[in-house]
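Chemist: What follows is the residue order along each chain.
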Amino acid sequence: SAVISQKPSRDICQRGTSLTIQCQVDSQVTMMFWYRQQPGQSLTLIATANQGSEATYESGFVIDKFPISRPNLTFSTLTVSNMSPEDSSIYLCSVDRVGTDTQYFGPGTRLTVL
Amino acid sequence: AQTVTQSQPEMSVQEAETVTLSCTYDTSESDYYLFWYKQPPSRQMILVIRQEAYKQQNATENRFSVNFQKAAKSFSLKISDSQLGDAAMYFCAYRSARRDDKIIFGKGTRLHILP
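Note that the protein sequences, when read in sequence, are chains A and B.
According to this note's numbering, the stretch in the first sequence is residues 20 to 133, in order.
According to this note's numbering, the stretch in the second sequence is residues 7 to 121, in order.
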């Protein structure tokens, strides 16, 4: 499996501010993904982070609210912009390792918006 | 569109006993992968077991095994000799074998282990 780290592990933020979450993988991967998990819910895919090009967003998620960068094969960031209490969730990064069909997940970032 | 259904929101099992978590899915494809992920209170999603649809043999990982019934589109997880550390949310997931397709998760089953 891949070793995946996320920073920060948790944060408490004020309404209207933005937070950038980092995801770092220990080896090159093909695909990187960002998920949101609202309290007591399953995982919802926000977008696929594409290396060197714009991310591919799922229905209901837009780049202005969740800008994503992936400058290289092992690193990606997700920004949650202009936050509201409804953005309080766990945000998870996941990756496909080269040559596998299995997604591995980072430890997640717990975000609370006041 | 593919869907994954976990009909048991919560289950409980006595420590050292065996428990089976249910999962059904819907797809028109013949080649795909199925997964069970565990999410303990630490919130880390951990891969428990993986099954390739073209393999008839059920996957096994130590105390965890699956009962994969392709015709019935059923993929249950059996946990033997349950331990306190098995307490977690368990998510069933489906992924098409088509390149770069995304994973579809069920709503999860919360498993309680009774000492």
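It is worth saying that the hints were derived from the structure and are not from the lab.
Treat the hints with caution; some may be incorrect.
[Said to hold, decoys possible] Examples of chain A residues toward chain B, derived with CB under 7 Å:
id : residue
1  : Pro58
2  : Leu62
3  : Leu64
4  : Thr121
5  : Gln122
6  : Phe124
Note that the structure is predicted; figures quoted are calculated from it, not measured.
Note that beta-carbon positions come from the ideal geometry of N, C-alpha and C, so glycine has one too.
Chemist: With a cut-off of 7 Å, does the beta carbon of Pro58(A) approach a beta carbon of chain B closely enough for the hint to hold?
Modeler: With Cβ-Cβ at 11 Å, over 7 Å, it is violated.
Chemist: Taking the closest Cβ pair, is Phe124(A) under 7 Å from chain B?
Modeler: holds, 4 Å
Chemist: Using 7 Å as the Cβ threshold, decide whether Leu64(A) counts as touching chain B.
Modeler: Where the cut-off is 7 Å and the nearest Cβ of chain B is about 6 Å from Leu64(A), the hint holds.
Chemist: Does the interface hint hold: is Leu62(A) within less than 7 Å of chain B, judged Cβ to Cβ?
Modeler: With Cβ-Cβ at 5 Å, under 7 Å, it holds.
Chemist: For the restraint on Gln122(A), tell me whether the closest CB of chain B is nearer than 7 Å.
Modeler: Hint holds; Gln122(A) Cβ to chain B Cβ min 6 Å, cut 7 Å.
Chemist: The hint names Thr121(A) as touching chain B; please verify it with the least Cβ-Cβ distance against 7 Å.
Modeler: Nearest chain B Cβ about 6 Å off; hint holds.
Consistency note: the structure conflicts with earlier hint 1 alone.
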